[in-house]
Every structure is written in C-alpha cells, then in structure tokens.
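A.B. asks: Please model the entire structure based on the sequences and the hints provided.
These protein sequence lines map, in sequence, to chains A and B. Under the numbering used here, read the first sequence as residues 1 to 278, first letter to last. Under the numbering used here, read the second sequence as residues 1001 to 1353, first letter to last.
Just so you know, the hints here were simulated from the structure itself, not pulled from any lab data. The beta-carbon is built from N, C-alpha and C at its ideal position, and this holds for glycine as well. Careful: at least some of the hints might be erroneous.
Unchecked claim - Here are the computed distance ranges between Cβ atoms for each label pair:
hint, chain 1, residue 1, chain 2, residue 2, range
1, B, GLY1036, A, THR93, 52 to 62 Å
2, A, THR29, B, HIS1122, 54 to 64 Å
3, A, TYR270, B, LEU1104, 27 to 37 Å
4, B, PRO1163, A, ARG188, 35 to 45 Å
5, B, GLU1326, A, ARG12, 50 to 60 Å
6, A, VAL263, B, ASP1206, 53 to 63 Å
7, B, ILE1067, A, VAL89, 15 to 25 Å
8, B, THR1130, A, PHE77, 52 to 62 Å
9, A, PHE187, B, ASP1206, 32 to 42 Å
10, A, VAL140, B, GLN1079, 56 to 66 Å
11, A, VAL97, B, LYS1091, 32 to 42 Å
12, B, ASP1206, A, ILE137, 51 to 61 Å
13, B, SER1159, A, LEU36, 32 to 42 Å
Said to hold, decoys possible - Computed footprint of chain A on chain B, listed as stretches where at least three residues anywhere in the stretch have a Cβ under 8 Å from a Cβ of chain A:
hint, stretch
14, 1060 to 1070
15, 1096 to 1109
16, 1244 to 1250
17, 1332 to 1346
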Amino acid sequence: MADSGGGSLWARYKRADSTLIAFSLIGSTLVILSFLALATITLTQLADLPFLIKVATDTRVINSILLTFGAGLTVVFILLLFGTPLAYVLARTHSRVNSLVEALIDIPLVLPHTVAGIMVYLLFMQRGLLGAPFKEIGIVFEDAFPGIVVAMLFVSIPFYVNTVREGFQKVPVHIENVARTLGATRFRAFILIVLPLSARQILNGSVLAWGRAISEFAAVIMIAYYPMIVSTLIYYRFTTGGLRESSAIAFLMILASFSIFLVLRIATRYLGRYDDRV
Amino acid sequence: MIAFDHVSIALGDFTLEDISFTVKKGEYFFIIGPSGAGKTILLEAIAGLHVPDQGRILLAGKDVSMIPPEQRGVGLVYQDYSLFPHMTVEKNIAFGLKMHHLPLPEIKNTVEGLLSRFGIEHLRSRATLTLSGGEMQRVALARALAIDPDVLLLDEPLSALDPGMKEHFIHVLKDIHQENGLTIIQVSHDRHEILSLGTRMALVMDGCLEQEGSVRQVYAAPASRRVAGFIGYENVIDGVVVSSRDGECLIDVSGVILRTSCTIPEGRKVTFCIGADEIVVHPIEAQVAGDENAVRGVVTAVSQAGYLTRVRIDAGITFSAVMVREAADTMALKVGSPVLFTIRKTAIRIIGQ
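C.D. replies: In structure tokens:
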C-alpha cells in the first residue's frame, strides 16, 4: 500500500507499513551482498577486457565450460528418466517406506560435499560395488566423464525429486481419478493429465538440479579431477596462475550460466500455467 | 446391478467396515451421512479407485473387485467437478471418447450432441478455470455422460451451487435419470435433493452402513436414533408404552400421553421421532379433532428461519415445531405464550421398528 501513489511524501510516509520497511532494510543486506559480489567481479573483469577475451577464447576454458554444462544436462536427463517415476510414487502413495526413502534422498542435502564425494568414490571406484561391474562392460568412472556425472547426480537428486514430487502432489487426485473412470489407464492418466499439469515443477526441478550439478566441486574432484570441470579448472588456475586467470574464468561462467537461466525463464514463461484466470 | 458384498476398505486411519447393499438398475440411489463417514470412498470403490480389502463388489452380477476403473464403464462427477484445467471444454468432454479410441467423426458428433444438450455450445473453446460453477457442473456432467456409462456417480454435485442453480440442476438430473434409464448414485447432505430425486438410499456413519431402504421407508422408520437425527427429525423422544391394544398404543413421555399405531407390548421403552413440521401449533383455546394427539405447553423460544418460524414448546419435555411465519405472527407467539399443539398418530414414528 505504501507505494499506491497519491498525496505528499509525508502522507505516503504516514501510510507506510513500519514492519515492511524494517524488514526491507534488514533483508536488503543480503541483496547488497550479492550485488557487491557481482559488481566487484564484473568491474575487475571489464577493466581488463583484452585478457578476458583471451581467456574466453582459450579452448581449454571453452571445453571445460561445455563439459560442465554437458555433464549437468546428462544429470538432468537421468533425473527425468529415473527421478520422475520416483517422485510420482512418493507423491501418490502413503506407505511407511516413503518417509524412509525421502530421508535417503535428502542425505546429500545435509552432508559436506567432500563426504558425498567420498561416498560416490567408494561406490564407483574400479573396485567399488558398482564401479567393478561397470568396469566389466567398459565404463570407468575414475577421472572420466561418467565419474563427473555420478558425482553431480548424487548431489542433485533431492533437488529434482523433491521439487517434482511437490508438483505431482499439487495435481488433485480427483482429476486423475476422473481421467481413469473415463477410460485412461493409470499410465495414460499420468502422461495426459499429471505430467502436463506439473510441467512447470518438472522444469523448476530440472533447472535446480542442473544448477546444483554444474556448481558441484568437492564431490566431483574426489572421483574425477580430470577431465576438468569449470570448478576444478578455476581452482587449478587459482592455485597455479593466480587470481587474475581464475577470476576471468569465473566471470565467464557467471555470464554463461546467467544467460542460460535467463533464456530458459523467458522461453518457458507460459509453460504449465493454467490457473491464471483470463 | 451394483452390489457390495461385505466390503471392507482401510485407507490410512479410516476404514469402511463390512458394507453390504444393492442398487438395482435404473435406481436413483442416495448415499448420505455426516462428513467423514466414508461416502466418497464408497463412490470411489464403485468406480474402481479403491480395491476392497475384504468382500466383493459386483457390477451387473460380475465380481469387479479387481477390475481397474478404466474398464468399469462408470461415470464420476466430483463436488469440485475436477475438470482438466489444461484442456478446453470441448476437449474435456471428448477425453473419455478418445480414451476409448472412437473414430474422430463419432467423437465430434457425441461432443456436439452433449454441448447442445447442456446448452454450452458457446463455451466450447473456453479454458475450464474461467467457467462459473453452473457451467463447470454442466461440463462435468457432459464429460461423464460422453462415455455412455452404465452407472453415474455423483459426489455432492449440487452443494457448491446457489439455490436457484441447485433447483435447476435437480431438474437436469431428473431428466438424465429418466431419459437414459441410467443408474445414478449420488452422495448428498441435502434432504430436498433426496426427496426430489431419490428412489432408494443408504445411510453411512463412521464407516458403517446404518440403514438402507427406499427413501420413503427410511424417512418413515429410521433405524436408529442417530439416523433419525441425521435425516432431519428434530424431535427424537424416549417414552414408555403404557397401554397397547388393537394395534394402537399409548406412550408416556414425562407425563404427556401420546397415541400412535403400534403393536409394542406394554411396559416397553421406545424411542420415536416427529418432524418439526408435523407438530401443528394452535392457540390455547382451539378445539381439535378427537383422534389427534393434543398437548398443552408453553413457548420457550421463537426464532425466524427464512419463511418459517421455529418454536420450542415445553410440555414437560421440549418439542420443536416449525410453522409458516404468517401463522406465528397471527397468534402473536412469544416466549411464555401458552399454546396447544397437535400431532397426528402417523407422525409418531417409532425408531428401530
């Protein structure tokens, strides 16, 4: 109401909600923090444009960014395939097993990422419970693309599954029930009713999981230091080449991630929005 | 047509216990009961959405307990209509036909027919969330009828409509029932709907079947005190039979003697109910016919309920009566007014008989 216009400044001030003002002031601390961080790195990079361009055209940097995004996409693809059915089961059943499964899924949320990395490494190393049989069919995780993917996957699962589960829960069971009485099998009702109605949540879950995946560092380097994902590369350059080089890569990563998120948001503005009344 | 044979279903903390009843082909059957009694679960079980833990559900004499909803040919309309929000009105109605893989021209024909039958042609391309309650109701009915179901299940379909709309839809439902010879099972709270539409009814309370019978039967002889209370009898009274002769007995209620037809032996305790509209209030000096029960009492409360006036009268025990407002005004009823009231013999319905 404070900004509803009209009247003098004094009148506006008198109408303003003191709680909202106080909260805004307190909350802005965080916004300022983010803004300053962004501004600092942007300004330093723009001040040294030729160097930034040199780093941006470095094939190792480009490859690393592509590798990171590619691995993130692979993770999203795996999650769509395996996480979606899991989310549906969790959303639609009410067994005691569910809370156990949900707790298991959430484990990466409450663990230091190095711990997650060790868990993934132990499982997927060449002598590991899953690493060994995969090695038989020629898939090795240590210092290889599959290793990056499993590490990223492990830490992204809760972001995808929880978001999509909430989306499925928001689709009223009644709607699904009606579809079934009208002749749709449960699977068709899922495909034709539940899926389109939770498209937005599936997208949100995918974006969250992708963001989480590409930002993973600790878990990834445990099993796959090479090929270097961006986080590894930045850390490596930081320890060898210093701040100048690593912050240039960091800035490029910011640009790339930002543009992808922006494009995604704009492209999917209307996806799955049926409840906005005309 | 539909039979529940000792069906028990447990869902979380809730259980339906040992439910048996039958609905014959072409009946308009009502399931009534308080909120949380399990009425919706009962409907969903008919639709195949819950598998019984015990017992069998029979459709047309065939055990369908294990048959999934998509193969039962049962239409379902929920209270919230549950339209598909991502489809237009037209696509909602066509959904069932598409699921049954009917040829496109036939789907188009059926949908056109239903759109015009319910007078909603102009809504065909509308998104369902932009419709009014009455419009949603029409679309939901059209969608359920599109698959030409043997049974139509209605879960409190009229409760969200305003009174005028409600009256209109009672006629719509009556027409659907008569034209298609459809078996309809409807969950309701509303006495008016039941008396306007129902042929038979079942009363469910706390997951158990309390009574099943024709609407007339249930209203004439409620099986228990709580059935009587639930279906709207405001006077549920305990008494003792003090005389029983030639199919007629006298019941003593705290000193008031009421005469009714019954064959219950002397000395037996009975509970009976009387509708508030069956107690007729007269001025204290009025003369009344000899074979009606006439009781004197004092008004203890007068309140307005729409066009009606609700009166509580103390005659040793308290009776509730309703009368048209005009009559109450003419008699200038107020707290403390002495009155005479009459109750026909047939209005006294012994519970559990």
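A.B. asks: Going through the earlier hints one by one, which of them does the structure break, listed in rising order?
C.D. replies: Hints 1, 8, 13, 16, 17 not satisfied by this model.
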